[in-house]
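**Q** Spelled out, the chains give:
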Amino acid sequence: MWEQIAANRRKSVVLVFFTALLLVALGWFGGEYFWGRGGGPTGVVIALVVWLVMTLTAWFQGDNVMLKISGAKKIEKKDLPILHNIVEEMTLAAGLAKMPAVYVIDDPAPNAFATGRRAENASVAVTSGLLNRLSRDELQGVIAHEMAHIRNRDIQLMLFAGVLAGAIVILAEVGLRGMWFGGGRSRSRRDGGGDSSSIIAIVAIVLMILAPILARLIYFAVSRKREYLADASAATFTRYPEGLASALEKISRAPDKLGSATSATAPMYIINPLKRTKKHMAANATSTHPPIDERIRILRAMGAGSFADYDRSYREIKGAKKGVIPGSALKEDGSEAAAPTREKVSASQREIARQVDDLFYKKDGYHRIECSCGTVLKIPPDFKADEAKCPRCGTRHKV
Amino acid sequence: MKCPVCHVPTYVVEFEQIELDLCPDCQGMWFDHGELDLVLKTTDASALVEAETDEPSRPCPICKHKMNKVNIGPGRRVLIDSCPEGCGLWFDNNELADLAGDLKADGWHVQPGVREFLCGMFPTKGDE
Amino acid sequence: MLFVLILAGLMVVVVAWVVGMYNGLVGLRNQVKESWAQVDVQLKRRFDLIPNLMETVKGYMSHERETLEAVTKARAAISGAGGMPERMAAEGGLTAALGRLFAVSESYPDLKASTNFLSLQEELASTENKISFARQFYNETVMRMNNKVQMFPSNIIAGMFNFTAETFFEVEDEAERAAPKVDFS
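Quick mapping for you: the protein sequence lines, in order, are chains A, B and C. Numbering that gives the first Met the number 0 puts the first residue of the first sequence at 0, with every later residue one more than the last. Numbering that gives the first Met the number 0 puts the first residue of the second sequence at 0, with every later residue one more than the last. Numbering that gives the first Met the number 0 puts the first residue of the third sequence at 0, with every later residue one more than the last.
No lab work stands behind these hints: they were computed from the structure. Quick caveat, the model's predicted, so the values are computed rather than measured. Treat each hint with caution, since some may be false.
Unchecked claim - Derived pair list, reagent style SDA-like, types lysine to any residue, alpha-carbon separation capped at 20 Å: (1) A:Lys388 - B:Glu94; (2) A:Lys388 - B:Lys1; (3) B:Lys1 - A:His366; (4) A:Lys388 - B:Val7; (5) A:Lys77 - C:Asp47; (6) A:Lys77 - C:Met142.
With the hints as constraints, model all of the structure from the sequences given.
**A** Pasting the structure below:
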């Protein structure tokens with residue numbers, strides 16, 4: 000398990016280095032193209048400044064921004080005791096020193112993500128659609144998956160990788176637009192560049208088209224691997240892979256597309272928030288997540304909840320020779336060290352759903368009327384009629 | 000949420016931990032996906048049956064897709080609107096009470112608590 | 000001269016290795032302590048929740064005096080427990096007694112309708128979960144520690160500096176089976 004974290008760091012270094020090379024090359028040739036011979040260093044400096052600013056912003060503001068654009072609301076234990084309890088349970092199972100902050104997003108699409116700079120001040124966010132659909136065990140599986148992203152340091156890795164890819168995409172786009180309006184080409188002709196400048200022009204164009212694609216591909220490949228690892232870790236936390244499997248099944252059947260997700264934030268979610276997942280989707284090079292059917296099948300076939308079980312199941316389902324779990328993680332979990340029993344908790348789906356609804360009714364300014372017959376009427380702030388009728392006893396309540 | 004028939008804001012009624020949205024004008028009722036599951040999880044796999052009808056189709060109040068006309072309940076006598084994307088179900092005025100009546104008469108197997116909810120919600124209809 | 004240099008180099012390598020091993024062992028021992036503390040926090044939390052629970056249920060469950068007394072007794076046994084094995088047995092006893100109480104509570108609809116009882120039930124059931132998840136992590140940490148202490152070559156260093164194997168937190172099967180299994184779905 001500790002090996003994974005180390006493997007993660009190595010991978011992030013290689014990844015950052017390779018993508019950074021792309022960025023530098025893009026800056027150099029873009030500079031040469033737009034400012035004629037000798038413009039390369041200027042281009043590189045511009046590229047690095049863009050990247051640096053984006054990285055610093057992401058590093059210091061990334062979690063806040065992500066929580067803000069998704070409209071997440073921070074909750075305390077008294078707001079949603081069950082969700083809070085589940086997060087606390089998974090914090091203990093993952094052995095994290097500090098419990099992440101818990102956020103809820105008012106969105107009918109079921110999804111969840113984790114974010115944060117360090118494992119010690121991370122945040123977990125879930126949508127109200129998720130809370131409305133899942134049972135406690137399923138919710139536990141989802142939270143375990145997010146907790147695994149935090150514990151495996153995936154958040155930081157994906158943050159850096161995402162920012163690098165983002166910087167390349169932005170620079171390439173600006174560059175291509177500049178070319179479209181004929182910015183550099185005519186100028187370099189006036190300078191009398193000849194052959195070498197036309198070679199530079201070709202390389203610059205090719206780079207501007209290919210670099211963003213390449214950067215994204217690297218990013219997606221890493222992202223997919225992290226998903227498998229997080230699923231495996233989640234199973235070792237809960238020792239109950241069926242919880243996550245059945246949650247994924249429910250989530251994938253749900254119709255809604257998440258309103259606030261963008262391609263930059265997509266890999267943070269438990270399932271890809273941008274794609275309809277109803278149909279079976281093959282894993283292709285441009286998806287951030289492995290196909291959900293496959294994830295479910297692996298979880299269902301693994302039996303008990305150890306890394307070795309997941310690895311075996313992964314190889315069987317994928318027909319692959321090589322597993323997805325790093326070698327020493329497999330060695331470490333081999334023991335039979337007292338797998339705890341799972342106790343069913345008395346929270347029905349309905350209780351969770353009600354807690355969530357009440358939370359948002361309060362936030363949205365609904366007016367509560369308690370009818371003497373036992374029903375409760377909740378009147379929205381934009382309600383037009385003067386009175387609301389209780390459908391049970393027929394009493395008309397003035398609004 | 001706005002009523003798919005009258006387009007006015009609806010209000011929420013909670014009873015026995017189940018919630019539905021109610022239109023103040025036409026008294027139609029909406030069940031969200033989650034509530035719907037709780038209400039109508041029957042052992043009968045074909046709980047909803049596509050229906051042939053001339054009633055005009057309505058947009059789903061959540062996703063705005065055209066809703067399907069389906070029959071529900073024992074004998075499939077009640078005609079309601081169902082969102083094809085699974086957002087929920089729309090019952091026109093009295094349709095839910097009809098379903099409650101049907102459920103009371105027939106031994107249709109529904110999620111525990113649902114019969115209590117529907118029959119409790121429409122006490123007079125059910126006791127007739 | 001060359002021989003001396005090689006010897007010195009070898010010494011440096013050995014010392015670095017010993018220091019690394021030693022620090023690793025100390026780190027693990029601290030982690031074992033830390034993860035035990037987490038288990039302990041949850042056990043105490045459960046201990047503290049019980050008077051509240053008894054207060055809530057006694058009005059409804061006056062016919063179940065035996066079940067209620069068993070919980071009170073099991074709780075008292077924890078405060079009275081001397082050593083670690085005794086404490087663990089007492090904690091297991093409390094888990095079992097609570098399980099019976101929640102099983103019996105199923106036949107009291109009034110009690111189940113009380114929001115106060117429901118939130119206490121979730122609280123206790125979740126605490127029960129937290130105990131087992133904290134225990135799971137504690138046992139994992141103990142296993143890594145014990146592997147280091149017993150396996151070659153780290154066992155040499157462990158022996159030199161008196162690092163000993165830690166004990167797993169096992170729970171007896173009977174207590175496990177009787178743990179609260181309450182489902183409202």
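**Q** Could you run down the list of hints and mark each one as holding or not?
**A** Evaluated hints:
no. : hint               : result
1   : A:Lys388 - B:Glu94 : holds, 17 Å
2   : A:Lys388 - B:Lys1  : holds, 17 Å
3   : B:Lys1 - A:His366  : holds, 17 Å
4   : A:Lys388 - B:Val7  : holds, 15 Å
5   : A:Lys77 - C:Asp47  : holds, 18 Å
6   : A:Lys77 - C:Met142 : violated, 37 Å
Hint 6 from the list above is the single one not met by this structure.
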